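Here the protein sequences come in this chain order: R, U, E and H. Residue numbers for the first sequence follow the working numbering, beginning at 1 and rising by one. Residue numbers for the second sequence follow the working numbering, beginning at 1 and rising by one. Residue numbers for the third sequence follow the working numbering, beginning at 1 and rising by one. Residue numbers for the fourth sequence follow the working numbering, beginning at 1 and rising by one.
In case anyone wonders, no lab produced these hints; they're calculated from the structure. Keep in mind that the hints are not guaranteed to be accurate.
Computed beta-carbon distance windows for the label pairs [as the list claims (entries may be wrong)]:
#, chain 1, residue 1, chain 2, residue 2, range
1, U, 351, H, 330, 36 to 46 Å
2, R, 108, U, 94, 40 to 50 Å
3, H, 397, U, 416, 54 to 64 Å
4, U, 294, H, 238, 44 to 54 Å
5, U, 416, R, 321, 50 to 60 Å
6, H, 365, U, 315, 18 to 28 Å
7, E, 362, H, 24, 35 to 45 Å
8, U, 377, H, 237, 22 to 32 Å
Just so you know, these numbers come straight off a predicted model, no measurement behind them. Don't be surprised by glycine CBs; every beta carbon is placed ideally from N, CA and C.
4 protein chains.
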Amino acid sequence: MLRAEVALARAEATVGLVPPSAVEAIAAAAERERFDPVALGRAARASGNPVVPLVEALRTAVGEESAQWVHWGATSQDILDTATMLVVRDATSAIDRSLATLADGCAALTRLHRQTLMVGRSLLQPALPTTFGLKTAGWLTAVDRARRHLERSVNELPLQLGGAAGTLASLGEEGPAVVAAVADSLSLVQPVLPWHTHRQQVAEVAGALAIVAGTANKITYDVALLMQAEVAEVSERTGNGRGGSSTLPQKHNPVSAAIVGGASRRVTALVGVVYGSLAQEHERAVGAWHAEWATVTELLRLSGGAAAATADCIAGLTVHPDSMASNLTAAGQELLAERVTMELTRRAGRAPALAVVADALAVAGGSGSTFAVALEEAGATAWMSGEEIGALVDPSTYVGSSDLFIDRALAAHESLGGG
Amino acid sequence: MLRAEVALARAEATVGLVPPSAVEAIAAAAERERFDPVALGRAARASGNPVVPLVEALRTAVGEESAQWVHWGATSQDILDTATMLVVRDATSAIDRSLATLADGCAALTRLHRQTLMVGRSLLQPALPTTFGLKTAGWLTAVDRARRHLERSVNELPLQLGGAAGTLASLGEEGPAVVAAVADSLSLVQPVLPWHTHRQQVAEVAGALAIVAGTANKITYDVALLMQAEVAEVSERTGNGRGGSSTLPQKHNPVSAAIVGGASRRVTALVGVVYGSLAQEHERAVGAWHAEWATVTELLRLSGGAAAATADCIAGLTVHPDSMASNLTAAGQELLAERVTMELTRRAGRAPALAVVADALAVAGGSGSTFAVALEEAGATAWMSGEEIGALVDPSTYVGSSDLFIDRALAAHESLGGG
Amino acid sequence: MLRAEVALARAEATVGLVPPSAVEAIAAAAERERFDPVALGRAARASGNPVVPLVEALRTAVGEESAQWVHWGATSQDILDTATMLVVRDATSAIDRSLATLADGCAALTRLHRQTLMVGRSLLQPALPTTFGLKTAGWLTAVDRARRHLERSVNELPLQLGGAAGTLASLGEEGPAVVAAVADSLSLVQPVLPWHTHRQQVAEVAGALAIVAGTANKITYDVALLMQAEVAEVSERTGNGRGGSSTLPQKHNPVSAAIVGGASRRVTALVGVVYGSLAQEHERAVGAWHAEWATVTELLRLSGGAAAATADCIAGLTVHPDSMASNLTAAGQELLAERVTMELTRRAGRAPALAVVADALAVAGGSGSTFAVALEEAGATAWMSGEEIGALVDPSTYVGSSDLFIDRALAAHESLGGG
Amino acid sequence: MLRAEVALARAEATVGLVPPSAVEAIAAAAERERFDPVALGRAARASGNPVVPLVEALRTAVGEESAQWVHWGATSQDILDTATMLVVRDATSAIDRSLATLADGCAALTRLHRQTLMVGRSLLQPALPTTFGLKTAGWLTAVDRARRHLERSVNELPLQLGGAAGTLASLGEEGPAVVAAVADSLSLVQPVLPWHTHRQQVAEVAGALAIVAGTANKITYDVALLMQAEVAEVSERTGNGRGGSSTLPQKHNPVSAAIVGGASRRVTALVGVVYGSLAQEHERAVGAWHAEWATVTELLRLSGGAAAATADCIAGLTVHPDSMASNLTAAGQELLAERVTMELTRRAGRAPALAVVADALAVAGGSGSTFAVALEEAGATAWMSGEEIGALVDPSTYVGSSDLFIDRALAAHESLGGG
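Isolated chain R (complex conformation) (with noise of 0.2 Å):
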């Protein structure tokens, strides 16, 4: 707020409708260390926000020659919501570093991991072998999406400058050379008009951030899936009491996925608040506005908050092949039973098809044998070998076009400028 007084001020003086010495005097007096946020939020309750009173302080500060050019001819939301743009393009920048922390940590894993077979789950049931390197190519490119979508959401942040009422009266002649003054030196765009009850820029990042924090939430949960212990194909970081318990010794907790998870449900709700604060009324809104700042600062900061806790969960992640391996085992030949139902499809028709397999899983399910031999007694042979069985269920075979997509991410990261 003081870098937009300190920038109105200044671009009044261009146009000569503040004194040159009053600019100095408040660009000297707007030191954020000045300020006691606490006071000013408590008295923000009797005006209704806080600029009025950290105008007054700003007032203050400069002295009394200077102390009328302060704010002049803005209203406190041209202040506040300038304010929330400088806000939101700081913060989005540092979210934005995690986010390529993070993806490039993704396809760090996507490279290592290309060939490494594991148990693709579906409703977390066994589904078909995949890599884990096309899971973490899953959340590369979801997390190069949600980046870019949020630098979409940010690359035109508006000026806010409108005076009272939208029209700018208050600046007389000089008001369209002061709005082009100050988007200049705060490097903001400059609206078409102004935007004080027309939030469809905070819309759009809220909305963004959301898809941030549900993107982060997506990947930190599969993590936590496939930390369990029954599972054990992964395992975050550990050291210093991270994913450590208060009373039980042997804990080793996927903490990222509670820090994401309550971070991430929390952003969830919240953007609703800024979608249902659109409607404001007329030219300033009585609480819908007021509902934003709160919000907007939460929303940066908790899926700020989550990106960063994602990107360092990735970057400590150790990934355990040879349980993948046991666990694909375990899930049996079985998991290839698509591939033996559509070949055996071609070969004899859909109807024989499913009745033998269906067969061999009954028998699979309840005897010793596997599910090749089963097929073979349910007379899977009548149509093909027991060595075209034997190579039909062999997981490693039949990871389709895996290595293309995680191509295709590897090459669209980069494209991006990503690691």
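Place chains U, E and H on chain R using the hints.
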């Protein structure tokens, strides 16, 4: 879903996976009228999704010989997600048309009412003079922005085709060629990789729809506020029972705000389902994906209804410049207190200016005298003539950059092809 | 709505406002089958609510002579709100029956598995031994609580009858008598005053339904986690395609969690519509009331579906004590590290105890030796015998008050009339 | 959290688990001022919750000898959940006081304005005459209901004490006795069993707080609408900058609606976090529990702030019966069209009545003549005298059961101990 199944079979035939005769049979059978949505819905409860019974019904319709080639190599999610993209494309195209009509309606009002003076209101209180044209230019800019954002969110809708775990193993070597052919035939984009549990695309559309609904709500609620009997600055179209009451024959209700307010509240809530469902387990979610289905349909329906109702509201809006003028008069010359204060501050300094204006406001509030007279009595004449005071309290000369902002809004609208 | 109209006419007849012959005509005409919901829905768009066309249709059905007495003195909201209360009563009664079945199912599992040892898991990691009976006793208590809360939220459902502005002026002196008679005939409560824009009752029901859906989600998601192939401690019922996949013949999906997870996510979002709609303008809202209609129906439908699906899940659940035992074994004696630490702390003090346990955990993790052996090697024998150590690492003697908690949960359930 | 730790140690001492000297040391050390919340917050990131560092700090403060008895047998969640219940109790007690003040304020307005005629408004349009006393009686009844619901939601707040998996194994045979003693000392209820992953209690409180905030929003938004310059029927208290603007010296803003509207929008969203977090995995959730912490605090803070601001708004409200009267006059005799229609229907039948009233409304709208004169001209005199028409269009005799409803609302309020 039927279009997706046909496109799949056709693409598979081009690479030799499926016999051409089967494609013909499938295309012939895939007529919407043959299938009973209610029965499919009931059957979907057991299987957990509607694709399973649809495929069964399609196989029956296709006949024994070709039945096995229906849904070849696809998983339920491939069909459902692809179908969702097709529905999103069709529905958002209709929404876009409503938004175009709405924007053009706002532009027309803006051109007509560029000079129509009215009270600008903040927190539901008179703040400063403005013009109705500037208000509608604000609506226009907001609608154009919501529209562009929606367009951006759907301009690369991707095909979904990854098989049961996203590896596309079911299609073997031919997977990528089939993906390319299906994408081409449905005019969808080929994704980097299957996005079964990476729902950023869905979330981007949902967010854009929430902005559409919120923007519609802003406009129609402004209309409802302006239609209040005590304000009476605009009226919605009547006739054919529109806006009537079941008991009060004299009533003229702002029905657009009722419809849009109801719809946008639900959209605001439902969009959270989509963000909350970004965290989908492994290679297929258990619940989060299922939550999306009806939600996306509702989001399209409700935001589309809101856009259409708002376009209709604006097309039939009657503006009452006389009421705007009389409300401006009733607001009194005090509405120009900002202007007087700033001019007095320039001439006399801040403290005297504030004191004189405060005195004058106290007098003007209590007595029957105008603010101008009260200013004179409070001593303003020490710094400015009575004539100057009279000029300062004239609202028609205090609408600032209203005209320029209107020019910019119209130019931006026209540059998008708007009329 | 028809029931409300008939009850109104009947009550008005008792006080002489409406002729008895008209009541007979109205009651005879008010048959559900006569009215086309789709046509009424279409007509509702113009009037802004469905009561206006329904009343028109009812007047036509009633015949000219009695038509004027239809809807006498009522406003649309009277009929719609009263009808909502009737729907809420019927639907929550059905939901209550599902919850009763569900609770009884949990109680039955609790009685059967009071002694069934299993791994207790926190943050998806093995934490301590517990029993399956204690887990289901937790479910049972949660369901009973959700059920009681729902009952409390509907046990005084009020009539709505206040006329167009809540004064009931349309009924003159007879207003209170009519209210009493309608309330009596519909078995609804007389409210203190009309609640047209005071929707606390609706919000209380909505909140209770959200708790029902969330409780169902807790249970079915636990089931889905326990059904994971790597955990395999329970299975849902199969047969008739239940839990099957469109492509993977070996799959056995946790369909309850998919259905309930989908429904409860939507309920969680939709309940916010109702809370957000508490702020209704003056004597009738413009939008907030309209947002409630479909929302309340959806909340009833979705939470009712979730309750029924969960009851069904529990009724058909197969428990695998062998898997529970083998997972407990696999978790290792380390699962008892808390117990060992506490006993060692009592004997040796905190620092030595922590050191010995940490050493033993490090050894047991790395080597093949058990935690008990590792403890001996780490020096625990300075304070306790090997036999004592062996007793401490036995999970079957470390389930604390599990039995007592189960007794209490069953007693509480039975005291509510549960079986 | 410190209170919970002390109560735990004290209870454990009564059953001999912890030495009395340790209890004294713990109680002496557990002074809030000794602990740095910021440092604890930072340390909480690694451990995943704030209890771990608090226990560490408390152990240090207690001294080596007794350190081991701190947190004996408890898990982090026991302390955090119990502390949450204590915070909920204290905070809701303060909220209850605000609601009591608010209700008494509404009751006082109701007594004063029982006869104050005003326009009743539906969909923001004049509907029928009503009284300001009936409007405030509606507020009163809503507040009393919200208050009772909140009371009910906290009148059995339970202790949490179950150890790491809810078995309370850490306390051996003494578990139940310790639970009873801690519950007794903190005046909390003993739950049926530990509720670590069964959060119905938290959700019930959250729902009740959402109703409090929504009720406050209804009242303050009504006030803001009534404060519109064009309506001017009430004013909020001014003075000390309350309701002032940073730029517009004449402004008098409805600040209560801004504060409460902002808070209640956030509450509406945040309550969804709690419902969405009912689905907690197994014996401790990974994320869902963590999402609750800040959410519950925010819900208490925001709904408490909303209740207090609304109480303040009502206590300082100035009512303007003159404006109410003049708005009633301005609404015209048409406001009584319902009454005329019903009386004409009784005498002439529905069709003639509707025709006459429609004619009269068309005339009265277009010409300067009153509705009464227009009715005469439209032929109403065929069924009623001019005198009768004059009596029918008198709003003061058409407020129905307003008086009775007020009596009931005040009686209900007084029966709850309200003043």
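Which numbered hints are broken by the structure, listed smallest first?
-> Failing hints: none at all.
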